[in-house]
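**Student:** Spelled out, the chains give:
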Amino acid sequence: MSTAQEKPETPYNFAYLDEQTKRMIRRAILKAVAIPGYQVPFASREMPMPYGWGTGGVQVTASLIGPDDVLKVIDQGADDTTNAVSIRSFFAKVAGVKTTTHTKEASLIQTRHRVPEMPLSENQILVYQVPIPEPLRFLEPRETETRLMHALEEYGLMHVKLYEDIARHGHIATTYAYPVKVEGRYVMDPSPIPKFDNPKLTNSPALQLFGAGREKRIYALPPYTRVESLDFEDHPFRVQEFSEPCGLCGASGVYLDEVILDDHGGRMFVCSDTDHCEGRREAGHRGHLAGAMGAPGAEAAE
Amino acid sequence: MYVAVKGGEAAIANAHRLLAERRRGDPAVPALTVDQILQQLSLAVDRVMGEGSLYDRRLAALAIKQARGDLVEAIFLVRAYRTTLPRFGASLPVDTGKMAVERRISATFKDLPGGQVLGPTFDYTHRLLDPDLEGEAEPEPAATAEDPGEGAMARVTDLLGEAGLIEPDPESDGEPGDLTREPLSFPAPREVRLQALARGDEGFLLALGYSTQRGFARSHPFAAEIRMGEVEVEIEVPGMDFSVPLGRLKVTECQMVNQFRGSAAAPPQFTRGYGLVFGHAERKAMAMALCDRALRARELGEDETAPAQDGEFVISHCDNVQATGFVEHLKLPHYVDFQAELELIRRLRAEFEDREGGQEREAAE
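Residue numbers (this note's numbering), protein chains in the order written: chain A, 892 to 1193; chain B, 132 to 496.
Chain A extracted, bound-state conformation (with noise of 0.2 Å):
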């Protein structure tokens, strides 16, 4: 079996899986890449960490991962949030692997609800967490309905519910895990990123997987895969637009969270994306809040 000599001192195999579970990860990421879009059932197995945590992400990287790679995970941008923080020492501990907050220096990222700012290359993999992998769930919650659904290209409940939308509000509602059709043949939830990173999933050079756990599905986006947010002609697919730029590094252009930082009504946008702020902080950029926080380019660097 794999890498005795490399396993970590825990009683578990190498990533954890055993092979056999490993192996059959892989074959239904083969099929997931062979067919883009297109929901492949698997026999995902209990993990030590929740359902609803990323197990499915867990169980994509942990099939994948091997010695050489260095893994960086993230949750909403951020590599330091809760889930991330945890998720990336499961790897440490049961698979010894190299870490990284660098979004360039990492050859395999998990990710939950963000996609990083900086382009990736065909030298990267990236795994999306995934809650509900059917995008039509919310308007049928029964699977042997949505299945029937995707076999037969049968969308046109989801264009009439954008469409609805544009009756009700003007405008498209939908602000997350915004739905996309790949390559003009599955409608997929491209998880719930916002739909400021919708564009960021067409043409990728990296390959990008999308594991399930507790609803037993993985799909997959192959590099250079056409990757469309449904719309009208005449309502095209629009992004966010933040009004001012990151507080601490000046950006624009990018994802911005929103901080409360009193109570009356102080608020300030920084970057979701944690590396790319810092990077840019050491690059010398400041934002217009920067100088109010002391050195966050030292704490950060950390």
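I should point out that these hints are in silico values taken from the structure, not numbers from a laboratory. Please note that the accuracy of each hint is not assured.
[Stated by the list, open to error] Simulated DEER-style distance windows between Cβ atoms:
id : chain 1 : residue 1 : chain 2 : residue 2 : range
1  : B       : Leu174    : A       : Glu1036   : 38 to 44 Å
2  : B       : Pro262    : A       : Glu1036   : 54 to 60 Å
3  : A       : Phe1029   : B       : Ala338    : 21 to 27 Å
4  : B       : Ala338    : A       : Leu921    : 37 to 43 Å
5  : B       : Asp434    : A       : Phe1029   : 24 to 30 Å
Note that this is a predicted model, so its numbers are computed, not measured. Virtual Cβ for every residue (Gly too), placed ideally from N, Cα, C.
Following the hints, position chain B against chain A.
**Tutor:** What follows is chain B alone, placed relative to chain A:
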């Protein structure tokens, strides 16, 4: 003043240390031993074994201790361990007719071969808090039968079956499905449904079973038999012409018998709902049997109108490890999605206020 949310790693480690301290409680009070849990909280142990779907009393007791008595958390611990174990194969079906019975009751016959054996039951106790248990008072020794009898007792459903009044047990066709090894698809075959129910949350199945009694898929159930005791587990080994015993399990079995007026395909007869759970878990076994019967609606040509009859609904939602994970994942950060929604709400608000303002101006003119 902005404070960067840093140091997640240290905060998590500190939280876990605090958890360990709280689990231990006041160090002046002696620590609970796993043996004490095994012996004195045995029904909790049984529930954790059943829903954890791993027959190991000691590990279940350890999990209860580690989980501070949170049984769903303990079940999760057991499941996460179970998933690392190799699967060797399927045993032969256990023969509950040969059970070494500790308890066996029938609500359909006043007396029957083997008799009614109450065993250790809460039934007929008066639910009065017993202040004596605050102390170390030892219970009076229980009376034991001088002649424990043969042990094995014919199952009530077998007695009914001889007269052709009840549908026969379905034939087993080889190795049953296993939802822990293959992704579930719907409609699921009955053995997979039963596996899901056996692992399912007691409270959820109890409520669903109860709903069938209140008219949401009423099935006129009778508890033909509930029995609890040890059964032998045997496995067939290739190359040997006899089966090999692996060990014994304590299980609770419930056979519900339900009225059925017949359909185009089947004569009027009693039908069955089946419950089988590890350990002593009567409430769970009964709820499981009610749910199993309700889920057979389509097979028996009944109208599917109630939640308990909906296989996809029941099976997709009965697993408490899945349910608790997904419900509790709402605690994870959702800043990014929330930010997206915040932006939308502000935009919708602005549009709404523009419209309102316009109307007021019109009204004022």
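**Student:** Run every hint past the structure and note whether it holds.
**Tutor:** Hints, one by one, checked against the model:
1. B:Leu174 <-> A:Glu1036: 38 to 44 Å: holds (40 Å)
2. B:Pro262 <-> A:Glu1036: 54 to 60 Å: holds (57 Å)
3. A:Phe1029 <-> B:Ala338: 21 to 27 Å: holds (25 Å)
4. B:Ala338 <-> A:Leu921: 37 to 43 Å: The hinted range 37 to 43 Å holds for B:Ala338 and A:Leu921, with Cβ atoms some 42 Å apart.
5. B:Asp434 <-> A:Phe1029: 24 to 30 Å: 27 Å Cβ-Cβ, so the 24 to 30 Å window holds.
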